[in-house]
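The working numbering puts the first residue of the sequence shown at 237, with every later residue one more than the last.
By construction, these hints were calculated from the structure, which means they are not laboratory data. In this text, a Cβ means the ideal position worked out from N, Cα and C, and glycines have one as well. Treat the hints with care, since some could be wrong.
[Said to hold, decoys possible] If you anchor each label on the Cβ, the simulated ranges turn out as follows:
1. ALA325 - ASN472: 48 to 56 Å
2. ARG587 - TYR327: 38 to 46 Å
3. ALA417 - VAL507: 53 to 61 Å
4. GLU543 - LEU419: 40 to 48 Å
5. PHE475 - ARG587: 33 to 41 Å
6. PHE534 - ASN281: 48 to 56 Å
7. GLY621 - PHE484: 17 to 25 Å
8. ALA425 - LEU497: 39 to 47 Å
9. LEU419 - HIS456: 53 to 61 Å
10. PHE360 - PRO496: 40 to 48 Å
11. PHE534 - THR583: 18 to 26 Å
[What the hints assert, rightly or not] When the alpha-carbon atoms are kept at most 20 Å apart in a straight line, the in silico SDA-like pairs for lysine to any residue are as follows:
12. LYS406 - HIS380
13. LYS600 - ALA514
14. LYS600 - ASP542
15. LYS406 - GLY388
16. LYS406 - LEU419
17. LYS406 - ASP369
18. LYS406 - ALA434
19. LYS600 - HIS544
20. LYS406 - LEU359
21. LYS600 - ALA331
22. LYS600 - ALA434
23. LYS406 - CYS354
24. LYS600 - PRO496
25. LYS600 - ASP366
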Amino acid sequence: LIRLNYGLNRCAGGGMAVRNIACLPALTGAWRHAAGGALLSTSGNYPVDGHALARPDLYPHAAGRPPRTVNMAFIGEALLEATDPPIRALYVYNANPVAVAPDSNRVKAGFAREDLFCVVHELFQTDTADYADILLPATSQLEHRDVHTSYGHLNVVANMPAIAPLGEAKPNTEVFRLLAARLGLAHPALFESDDSIAARAFRQDDERARGLAPEQLAEHGWARLNLASPFVPFANGGFRTPSGRCEFHSGLLAGLGLDPLPAWHPPAESVVSNPALAARYPLALITPPARNFLNSSFANLPRFRDEHGGPVLQIHPDDAAGRGIGDGQRVRIHNDRGEFHARAVVTTGVRPGVVVSPSVWWHKLSGDGNNANAVTASTATDMGGGPIFYDCLVEVSCA
Numbered sequence: 237l238i239r240l241n242y243g244l245n246r247c248a249g250g251g252m253a254v255r256n257i258a259c260l261p262a263l264t265g266a267w268r269h270a271a272g273g274a275l276l277s278t279s280g281n282y283p284v285d286g287h288a289l290a291r292p293d294l295y296p297h298a299a300g301r302p303p304r305t306v307n308m309a310f311i312g313e314a315l316l317e318a319t320d321p322p323i324r325a326l327y328v329y330n331a332n333p334v335a336v337a338p339d340s341n342r343v344k345a346g347f348a349r350e351d352l353f354c355v356v357h358e359l360f361q362t363d364t365a366d367y368a369d370i371l372l373p374a375t376s377q378l379e380h381r382d383v384h385t386s387y388g389h390l391n392v393v394a395n396m397p398a399i400a401p402l403g404e405a406k407p408n409t410e411v412f413r414l415l416a417a418r419l420g421l422a423h424p425a426l427f428e429s430d431d432s433i434a435a436r437a438f439r440q441d442d443e444r445a446r447g448l449a450p451e452q453l454a455e456h457g458w459a460r461l462n463l464a465s466p467f468v469p470f471a472n473g474g475f476r477t478p479s480g481r482c483e484f485h486s487g488l489l490a491g492l493g494l495d496p497l498p499a500w501h502p503p504a505e506s507v508v509s510n511p512a513l514a515a516r517y518p519l520a521l522i523t524p525p526a527r528n529f530l531n532s533s534f535a536n537l538p539r540f541r542d543e544h545g546g547p548v549l550q551i552h553p554d555d556a557a558g559r560g561i562g563d564g565q566r567v568r569i570h571n572d573r574g575e576f577h578a579r580a581v582v583t584t585g586v587r588p589g590v591v592v593s594p595s596v597w598w599h600k601l602s603g604d605g606n607n608a609n610a611v612t613a614s615t616a617t618d619m620g621g622g623p624i625f626y627d628c629l630v631e632v633s634c635a
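Just need the whole structure built from these sequences, with the hints factored in.
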């Protein structure tokens with residue numbers, strides 16, 4: 237089994253890299269064996285009823301067009317440059333884009349617009365909440381009902397509230413119901429109860445959902461998807477391709493203007509793809525998750541911050557020596573997009589030419605008011621439109 241992870245696709249050629257690896261088990265025949273093949277996430281096995289939950293049939297279609305969507309990787313650009321029409325209001329929930337979105341100086345500038353009306357629904361005073369015109373208190377997982385799937389196993393968990401909501405805190409669904417009422421909207425779907433929404437979370441006509449009825453989950457707390465054990469989903473094909481096979485040559489990709497065969501797509505920022513840029517910024521920055529953080533969650537907890545001792549930059553001794561950087565010294569990491577500061581950790585745990593800064597720190601808790609996303613690029617991957625956080629050239633100097 238090849239266990240993939242999300243860092244692999246956070247570069248310009250990330251989509252092709254994942255496709256190439258997914259083809260390897262087909263070459264060896266490993267897909268036919270239990271615990272064989274490749275795995276990024278188990279989430280695709282859940283028969284979630286996306287139509288019932290999102291109700292795309294209710295979307296307004298102004299001038300015959302569906303509503304505009306903006307890739308969050310480009311939120312800074314969209315807030316500053318979108319003109320047809322400009323973005324005049326934001327409602328932020330379940331997210332901290334000022335901290336986690338790339339090219340954060342542009343994101344901050346977009347959120348700071350005087351003509352932007354911003355509502356943030358949050359538990360904590362995050363970097364994004366600092367820009368809110370109205371800040372609404374949100375419930376935690378302990379205070380509301382939910383249904384949890386997974387990306388690492390095949391179980392469904394019923395999340396039942398352990399305590400009543402604190403103060404005026406409300407879950408997303410309740411705020412949406414209240415907003416719909418205040419706006420004079422009348423469609424019944426806008427006022428569905430949490431129990432009703434939970435009951436419609438999975439397609440009950442799907443064999444995998446047998447045993448996932450709300451009353452069954454409430455009684456037992458969890459249930460495994462109704463799948464064979466051992467689960468060998470691609471032993472006889474069944475891939476989500478037009479042919480049902482693992483396609484080394486993909487007509488679907490060719491139709492999208494992409495390379496139909498496995499290939500190597502270089503990073504957007506490298507000595508191969510942009511030697512002039514690499515001459516100015518010769519170090520490749522990678523920003524994997526800090527051990528105690530989950531994206532930007534938990535970065536506000538003093539115990540975890542103290543354990544990390546502030547933002548750090550891991551740098552190889554050869555790169556450090558050439559720049560006069562000593563272990564524990566404050567350093568400045570910068571490129572044309574911005575800069576942030578960190579404490580140098582000189583180590584052979586990273587290879588020459590690469591620096592690593594575990595993230596995501598909140599800007600206001602990082603010491604100098606900037607985190608590593610001050611230098612990352614708002615560019616998308618070759619497939620899927622994902623951000624390229626790990627495709628970033630920088631230079632490092634003593635602060």
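Here's how the hints hold up against the structure:
1. ALA325 - ASN472: 48 to 56 Å: holds, 50 Å
2. ARG587 - TYR327: 38 to 46 Å: holds, 43 Å
3. ALA417 - VAL507: 53 to 61 Å: Holds: the Cβ-Cβ distance is about 58 Å, inside 53 to 61 Å.
4. GLU543 - LEU419: 40 to 48 Å: holds, 45 Å
5. PHE475 - ARG587: 33 to 41 Å: Holds - the Cβ-Cβ distance for PHE475 and ARG587, about 35 Å, lies within 33 to 41 Å.
6. PHE534 - ASN281: 48 to 56 Å: violated, 28 Å
7. GLY621 - PHE484: 17 to 25 Å: holds, 24 Å
8. ALA425 - LEU497: 39 to 47 Å: Since ALA425 and LEU497 have Cβ atoms about 45 Å apart, the given range 39 to 47 Å holds.
9. LEU419 - HIS456: 53 to 61 Å: The hinted range 53 to 61 Å is violated for LEU419 and HIS456, with Cβ atoms some 39 Å apart.
10. PHE360 - PRO496: 40 to 48 Å: This hint holds: roughly 46 Å between Cβ atoms.
11. PHE534 - THR583: 18 to 26 Å: holds, 24 Å
12. LYS406 - HIS380: holds, 8 Å
13. LYS600 - ALA514: It is violated: about 30 Å lies between the C-alpha atoms, which goes past 20 Å.
14. LYS600 - ASP542: OK: LYS600 and ASP542 at ~15 Å, within 20 Å.
15. LYS406 - GLY388: Status violated; Cα separation ~29 Å.
16. LYS406 - LEU419: holds, 18 Å
17. LYS406 - ASP369: holds, 18 Å
18. LYS406 - ALA434: holds, 17 Å
19. LYS600 - HIS544: Distance ~16 Å between LYS600 and HIS544 Cα, so the pair holds.
20. LYS406 - LEU359: holds, 10 Å
21. LYS600 - ALA331: This hinted pair holds, its Cα atoms lying about 17 Å apart.
22. LYS600 - ALA434: violated, 37 Å
23. LYS406 - CYS354: holds, 18 Å
24. LYS600 - PRO496: Given that 20 Å is the threshold and the Cα spacing comes to 45 Å, the pair is violated.
25. LYS600 - ASP366: holds, 10 Å
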